[in-house]
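K.L.:
Work out the full structure: start from the sequences and follow the hints.
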Amino acid sequence: MSDENTEYDPHSGVETTGHSWDGIKELNNPLPRWWLIVWYATIFWAVIYMILMPAWPALPGLGGTNTPGLLGKSDRAEVTKEVSAMRTERGVASQKLMSASLVEIQNDLNLQQFAMAMGESAFGDNCATCHGSGGRGAKGYPMLADDVWLWDGTLDGIEQTIRHGIRHDSDDLTRMSAMPAFGRDNLLTSTQIDDLVQHVLSFSDRQSNADSAARGSVLFASQCVSCHGADAKGSRLVGAPNLTDAEWLFGGEPADIRATVTNARNAHMPAWQGRLDDPTVKALAVYVHSLGGGE
Amino acid sequence: MNLISNTAKPANKGQQPPSLYEGRKQIYPKLAHGKFRMVKWIVMACTLGIYYALPWIRWQRGEGIPDQAVLADFAGEKFYFFFIEIWPQEIYYLAGLLILAALGLFLVTSLIGRAWCGYTCPQTVWTDLYIWVERAFEGDRAARMRLDKAPWTLNKAARKIGKHLVWLLIAFLTGGALILYWHDAPTIARTFFKGEAPLTAYFFAGILTFTTYFLAGWMREQVCTYMCPWPRIQGALTDDYALNVTYRYDRGEPRGALHKDQGFEGRGDCIDCKQCVQVCPMGIDIRDGAQLECIHCALCIDACDDIMKRVDRPTGLIAYDTDVAVATRAAGGTPKYKLLRARTILYGVLMIAISALILVGLAQKPTFQVSVLKDRSPPFVQLADGSVRNGYTLKIVNKATIARNAEISISGLDGAQLQIIGLAQPENGMEVQLPLEQYGVDRFRMLVTAPPTERPHRTSLVITIQDPETGETHTSTAAFVTAGAK
Chain A
1 MSDENTEYDP HSGVETTGHS WDGIKELNNP LPRWWLIVWY ATIFWAVIYM ILMPAWPALP
61 GLGGTNTPGL LGKSDRAEVT KEVSAMRTER GVASQKLMSA SLVEIQNDLN LQQFAMAMGE
121 SAFGDNCATC HGSGGRGAKG YPMLADDVWL WDGTLDGIEQ TIRHGIRHDS DDLTRMSAMP
181 AFGRDNLLTS TQIDDLVQHV LSFSDRQSNA DSAARGSVLF ASQCVSCHGA DAKGSRLVGA
241 PNLTDAEWLF GGEPADIRAT VTNARNAHMP AWQGRLDDPT VKALAVYVHS LGGGE
Chain B
1 MNLISNTAKP ANKGQQPPSL YEGRKQIYPK LAHGKFRMVK WIVMACTLGI YYALPWIRWQ
61 RGEGIPDQAV LADFAGEKFY FFFIEIWPQE IYYLAGLLIL AALGLFLVTS LIGRAWCGYT
121 CPQTVWTDLY IWVERAFEGD RAARMRLDKA PWTLNKAARK IGKHLVWLLI AFLTGGALIL
181 YWHDAPTIAR TFFKGEAPLT AYFFAGILTF TTYFLAGWMR EQVCTYMCPW PRIQGALTDD
241 YALNVTYRYD RGEPRGALHK DQGFEGRGDC IDCKQCVQVC PMGIDIRDGA QLECIHCALC
301 IDACDDIMKR VDRPTGLIAY DTDVAVATRA AGGTPKYKLL RARTILYGVL MIAISALILV
361 GLAQKPTFQV SVLKDRSPPF VQLADGSVRN GYTLKIVNKA TIARNAEISI SGLDGAQLQI
421 IGLAQPENGM EVQLPLEQYG VDRFRMLVTA PPTERPHRTS LVITIQDPET GETHTSTAAF
481 VTAGAK
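Chains as they are written, first to last, in full-length UniProt numbering: chain A, 1 to 295; chain B, 1 to 486.
Some clues are possibly wrong.
Stated by the list, open to error - Cut-off 20 Å, straight-line C-alpha distance, at most; resulting in silico cross-link-like pairs (EDC-like, lysine to aspartate or glutamate): (1) B:Lys374 x A:Glu120; (2) B:Lys399 x B:Glu90; (3) A:Lys25 x A:Asp9; (4) B:Lys395 x A:Glu120; (5) B:Lys78 x B:Glu63; (6) B:Lys395 x A:Asp108; (7) B:Lys163 x B:Glu138; (8) A:Lys233 x B:Asp385.
Keep in mind that the hints were calculated from the coordinates and are not lab data.
P.N.:
What follows is the structure in structure tokens.
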């Protein structure tokens with residue numbers, strides 16, 4: 001290889017690359033043998049790997065996937081297998097969940113621990129988006145850990161709500177009620193609504209204009225008592241909230257109450273039956289009940 | 001300025017600079033005879049015996065609990081060592097053990113040098129075993145050197161193949177024995193050969209087989225010299241008084257071959273027979289003084305003593321000694337040996353203290369462990385009647401081998417009501433019986449409700465859990481949070 005143009009470093013006698021940087025030239029030492037061997041071995045291994053494992057993507061004739069490889073490894077198939085293995089493993093406990101009543105689940109500590117673990121993870125995946133982690137709630141989305149329930153706080157009631165949802169149109173057994181939009185639909189005038197708000201404020205012992213509240217009281221008796229009750233404590237039959245306590249799902253400030261009376265609040269919750277399997281629904285009911293508010 | 005000349009070929013081309021690389025020279029350690037060789041055989045028998053036999057020892061602990069005396073049970077998340085059980089929550093005992101091992105190493109090093117390296121290190125023990133096999137197939141040093149130089153014959157091939165097969169067998173037994181430590185030994189031994197053992201068992205057995213064969217058969221002394229950090233560290237641990245395998249040059253020099261009619265007048269005792277070099281598994285000459293490579297296996301002492309007896313001189317020309325002592329003797333003084341020094345006393349005291357800590361900890365180890373996790377979301381719940389409730393998750397580890405009941409009670413919060421989901425509401429509102437599963441972890445959901453009074457943002461809630469039969473009590477505190485002012 002050496003010809004007249006090859007340069008040698010006079011100090012070490014080693015060939016140089018001929019490239020000069022600020023007068024310094026690089027010695028053209030051979031690569032260490034062990035390094036070369038490892039390098040060749042990795043190239044060899046890469047070829048074997050390409051043959052055995054899924055490798056080349058987007059080659060023509062593969063329908064947009066990659067070469068499958070001789071070993072037939074597929075991450076997707078493995079995931080499917082693992083998921084079904086997990087289902088089988090959970091099968092026994094899930095069967096127990098199915099055959100036990102909700103009360104039995106809660107009182108059998110082993111079954112309860114299983115249901116709680118299952119419910120907690122299902123809650124995080126499906127419910128926490130609206131109800132918050134731990135069921136802390138948010139404006140418009142009820143807090144599930146306290147003892148205030150619009151519809152039903154028993155184990156069976158909670159299961160019913162999860163299964164069929166609230167105002168979920170495509171489910172016949174869904175919990176249904178509708179508050180009229182008194183302002184938007186011109187059932188009441190703006191002044192009348194003001195009077196009504198003053199009256200509602202007085203339920204929770206807050207300051208209100210006595211004259212206005214007195215006029216509102218008449219309106220309340222004619223328009224609201226059928227659902228909220230004469231004592232304004234609400235009715236679980238129609239999911240009408242108690243107006244005398246400190247809990248306000250959509251806010252308890254006069255402006256909030258005014259907005260509610262004007263436009264009505266008919267919140268929705270989807271029916272989960274069909275989306276979640278039965279053991280998961282039961283586990284969720286036990287979990288939500290155990291958050292603290294269960295009756 | 002140009003450091004590299006542009007001439008086509010420099011004049012000194014061909015005059016090679018000194019190479020900075022030296023290839024490995026095969027070492028052919030000769031068999032030594034003597035008391036240190038005997039000690040090494042005994043240590044080898046004991047350490048290998050312990051390694052291979054330990055997993056087979058049974059130890060009854062109770063129904064449904066592994067009965068293997070020494071077991072790292074990864075699936076059950078426990079480590080068993082005879083009467084000791086370590087749960088993952090107590091992994092600090094392992095840290096204590098490691099600290100103890102390190103201090104032990106320091107103590108031994110400051111007393112008698114690298115005794116760990118020379119006698120008990122697995123690399124030394126297995127290399128010694130491999131050399132013993134090599135000797136059985138290929139003969140002692142001279143025969144092995146001849147065989148390696150000889151052309152390939154059927155005999156040579158048979159000896160080499162036989163040696164490697166036995167090496168591989170030992171390697172496999174080594175790797176195979178390791179997996180016995182984290183599975184039930186009889187079960188895994190049966191399933192392993194039926195092909196039914198978990199993949200990890202084959203994987204680790206394979207890895208250990210390979211490393212044993214490669215490190216003890218091929219790498220040998222290079223592991224100690226190039227791969228092991230200990231020779232570097234031990235330089236910081238030795239001092240003038242640490243006994244090391246030492247050539248006593250005050251007695252040995254000037255050395256020279258011994259002629260028949262010549263006595264030992266006016267010369268040293270070293271007859272330059274190089275027996276100390278030939279038996280050395282590290283391939284060094286101890287007469288060059290303390291060296292990084294020396295693992296202090298003391299085989300050169302045996303070899304030299306053997307020769308000294310034959311030439312009718314006192315033994316101990318190479319012996320456990322210190323450089324300072326040798327220098328003192330050379331200057332005509334009487335050397336002093338100090339085994340009790342500040343550092344050896346300190347190591348000893350520290351070892352005793354840590355052992356005591358571990359033992360006291362183990363003796364007083366609680367049979368249950370409690371952790372109280374407060375709900376973070378929501379931090380507290382305001383109930384309709386104005387009272388405040390906090391939710392907690394209780395995790396109770398029952399380390400007893402029987403199922404039992406524990407009493408849980410709360411204090412520190414006036415009028416608070418305790419409720420455990422799934423258990424009957426307590427009559428006095430303060431105490432509940434918790435059924436604890438045998439030898440496992442139980443989770444309970446606990447709700448504490450406080451009546452509506454003005455409360456600070458955070459109150460300390462004391463949770464006491466007691467086994468009414470043994471009286472063992474565990475107290476934890478958790479925060480009780482309200483909307484009150486911070």
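K.L.:
Determine for every hint whether it applies to the structure shown.
P.N.:
Now for the hints, and whether the structure bears them out:
Taking the CA atoms of lysine 374 of chain B and glutamate 120 of chain A, the gap is about 15 Å. The hint holds against a cut of 20 Å. Between lysine 399 of chain B and glutamate 90 of chain B, the direct Cα distance comes to roughly 12 Å. Compliance with the 20 Å bound is thereby established for this hinted pair. Proximity of lysine 25 of chain A to aspartate 9 of chain A is assessed by CA-CA distance (about 8 Å); at most 20 Å being required, the pair is judged to hold. Distance hint between lysine 395 of chain B and glutamate 120 of chain A is fulfilled; the C-alpha atoms sit about 16 Å from each other, no more than 20 Å.
Distance check on the hinted pair: lysine 78 of chain B and glutamate 63 of chain B sit about 16 Å apart at the alpha-carbon level, within 20 Å; holds. This hinted pair checks out: lysine 395 of chain B and aspartate 108 of chain A have alpha carbons roughly 17 Å apart, not beyond 20 Å. In summary, the hint linking lysine 163 of chain B to glutamate 138 of chain B is supported, as the alpha carbons are separated by about 8 Å, within the 20 Å threshold. Proposed proximity of lysine 233 of chain A and aspartate 385 of chain B is supported: the alpha carbons are some 14 Å apart, at most 20 Å.
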